[in-house]
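Number of protein chains: 2
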Amino acid sequence: MSAEVEEMLKRFSAFKNVQGIIVVDNDGIPIKTTMEYTTTVHYAALMQTLAEKARQVVLDLDAANEFVLIRMRTLKSEIIVAPSDDYFIVVIQDPCD
Amino acid sequence: MSAEVEEMLKRFSAFKNVQGIIVVDNDGIPIKTTMEYTTTVHYAALMQTLAEKARQVVLDLDAANEFVLIRMRTLKSEIIVAPSDDYFIVVIQDPCD
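Sequences listed follow chains V and L, in order. So that you can map any letter, position 96 of the first sequence is 97 in my numbering, and since no number is skipped, the others follow by simple counting. So that you can map any letter, position 74 of the second sequence is 75 in my numbering, and since no number is skipped, the others follow by simple counting.
It should be emphasised that the hints constitute simulated quantities derived from the structure, not laboratory data. Any given hint could turn out to be false.
As the list claims (entries may be wrong) - Pairs of lysine-lysine, DSS-like flavour, derived with a Cα cap of 27 Å: (1) K17(V) / K17(L); (2) K77(V) / K54(V); (3) K33(V) / K54(L); (4) K54(L) / K77(L); (5) K77(L) / K11(L); (6) K33(L) / K77(L); (7) K77(L) / K17(L); (8) K11(L) / K33(L); (9) K17(V) / K33(V); (10) K11(V) / K33(V); (11) K77(V) / K11(V); (12) K33(V) / K11(L); (13) K54(L) / K54(V); (14) K77(L) / K54(V); (15) K33(V) / K54(V); (16) K77(V) / K54(L); (17) K33(V) / K77(V); (18) K17(L) / K33(L).
Unchecked claim - Just a few of them, taken from the derived set where beta-carbon distance is under 10 Å, the chain V residues facing chain L: (19) R12; (20) K17; (21) Q20; (22) G21; (23) A55; (24) Q57; (25) V59; (26) D63; (27) T75; (28) S78; (29) Q94; (30) P96.
Claimed, not checked - Covered stretches of chain V (in silico footprint by chain L; criterion: 3 or more residues with CB under 8 Å from a CB of chain L, positions within the stretch not fixed): (31) 34-48; (32) 68-74.
Fair warning: this is a prediction, and the values are worked out from it, not measured in the lab. We treat Cβ as the ideally placed atom computed from N, Cα and C, and that holds for glycine.
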């Protein structure tokens, strides 16, 4: 685990109401998690497909642009997906007011 | 255009640094826009695929949950996609600090 990942984890852990944090490599394999196994694997696989879609959409609109971060608000939680070169981080938190 | 859509447009127009707002029906057809035609059609089609992916991902994680809003940060802009029953709204704004 690189210092960069540790720094990212530390930064996201400071967010209010964090339910869980998962670090996923670009093959969709979770390499670090604060959640239980089944939930981790489920989030990792689905968020990889969402991040890939976001990346495609942004490039399709402007090939010189780049996807940086998604915040997805749902009725029950807020999910943040932030990619890096070799992995992406998923943060699940209670919805904020 | 329903009062609900007008209210949504008014709400999003108040956001800082808004570059454009597009209202798209569930077939991907733009029904209202503040941007030029080609850009509008491009955003409408791509954001429909992103919103559909987000909806699928959220339901797959929890069938009792619902996707409410996406904020996608890119190097050059922030794109917000907010669905409703019969349409969704896309807001493109300059990235905030």
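A quick look at each hint next to the structure:
1. For the hint pairing K17(V) with K17(L), the CA-to-CA distance comes to about 24 Å; that is within 27 Å, so the pair holds.
2. Between K77(V) and K54(V) the CA atoms are separated by roughly 23 Å; this keeps the pair inside 27 Å, and the hint holds.
3. Under the criterion of a C-alpha separation no larger than 27 Å, the hint pairing K33(V) with K54(L) is consistent with the structure, at around 25 Å.
4. In summary, the hint linking K54(L) to K77(L) is supported, as the alpha carbons are separated by about 23 Å, within the 27 Å threshold.
5. Proposed proximity of K77(L) and K11(L) is supported: the alpha carbons are some 24 Å apart, at most 27 Å.
6. Restraint check for K33(L) and K77(L): satisfied, since their Cα atoms lie roughly 23 Å apart, inside the 27 Å limit.
7. As the CA atoms of K77(L) and K17(L) are separated by approximately 15 Å, the hinted pair is consistent with the 27 Å bound.
8. The straight-line distance between the Cα atoms of K11(L) and K33(L) is roughly 13 Å, inside the 27 Å bound, and the hint therefore holds.
9. Proximity of K17(V) to K33(V) is assessed by CA-CA distance (about 20 Å); at most 27 Å being required, the pair is judged to hold.
10. Of the supplied pair hints, the one linking K11(V) and K33(V) holds, its CA atoms being roughly 13 Å apart against a limit of 27 Å.
11. The hinted pair formed by K77(V) and K11(V) meets the criterion: a straight-line CA distance of about 24 Å does not exceed 27 Å.
12. The straight-line distance between the Cα atoms of K33(V) and K11(L) is roughly 42 Å, outside the 27 Å bound, and the hint therefore fails.
13. For a cut-off of 27 Å, the pair hint linking K54(L) to K54(V) stands: about 8 Å separates their Cα positions.
14. Distance hint between K77(L) and K54(V) is fulfilled; the C-alpha atoms sit about 18 Å from each other, no more than 27 Å.
15. With a C-alpha separation of about 23 Å, the suggested pairing of K33(V) with K54(V) holds against the 27 Å cut-off.
16. Taking the CA atoms of K77(V) and K54(L), the gap is near 18 Å; set against the 27 Å cutoff, the hint holds.
17. About 23 Å separates the Cα atoms of K33(V) and K77(V), which keeps this hinted pair within 27 Å; it holds.
18. Only pairs whose Cα atoms come within 27 Å are accepted, and K17(L) paired with K33(L) is accepted, the gap being roughly 20 Å.
19. Here the hint on R12(V) is broken, as its CB sits about 15 Å from the closest CB of chain L, past 10 Å.
20. Annotation: interface hint on K17(V) violated; nearest CB of chain L at approximately 17 Å, more than 10 Å.
21. Against a cut-off of 10 Å between C-beta atoms, the interface hint on Q20(V) is violated, since the closest Cβ of chain L lies about 12 Å away.
22. For G21(V), the suggested interface contact is broken, since its CB lies about 12 Å from the closest CB of chain L, more than 10 Å.
23. Below 10 Å, beta-carbon pairs count as interface contacts, and A55(V) has one with chain L at about 6 Å; its hint therefore holds.
24. Given hint, Q57(V) at the interface with chain L, holds; its Cβ is 8 Å from that chain's nearest Cβ, closer than 10 Å.
25. With 10 Å as the threshold, the beta carbon of V59(V) comes within range of chain L, its nearest partner Cβ sitting at about 5 Å, so the hint holds.
26. At about 7 Å, the closest approach between the beta carbon of D63(V) and any beta carbon in chain L falls short of 10 Å, and the interface hint on this residue holds.
27. For the restraint placing T75(V) at the interface with chain L, the shortest Cβ-Cβ distance is roughly 5 Å, inside the 10 Å limit, so the hint holds.
28. Because the beta carbon of S78(V) sits about 8 Å from the nearest beta carbon in chain L, less than 10 Å, this interface hint is met.
29. Because the closest C-beta pair between Q94(V) and chain L is about 14 Å apart, greater than 10 Å, the hint is violated.
30. Checking P96(V) against chain L by beta carbon gives a least distance of about 8 Å; that is within 10 Å, so the hint holds.
31. Against chain L, the region 34-48 of chain V contributes 4 residues with a C-beta closer than 8 Å to a partner C-beta. That satisfies the three-residue criterion, and the hint holds.
32. Proximity of the region 68-74 of chain V to chain L, defined as three or more residues with a beta carbon under 8 Å from a beta carbon of that chain, is established by the 7 residues found.
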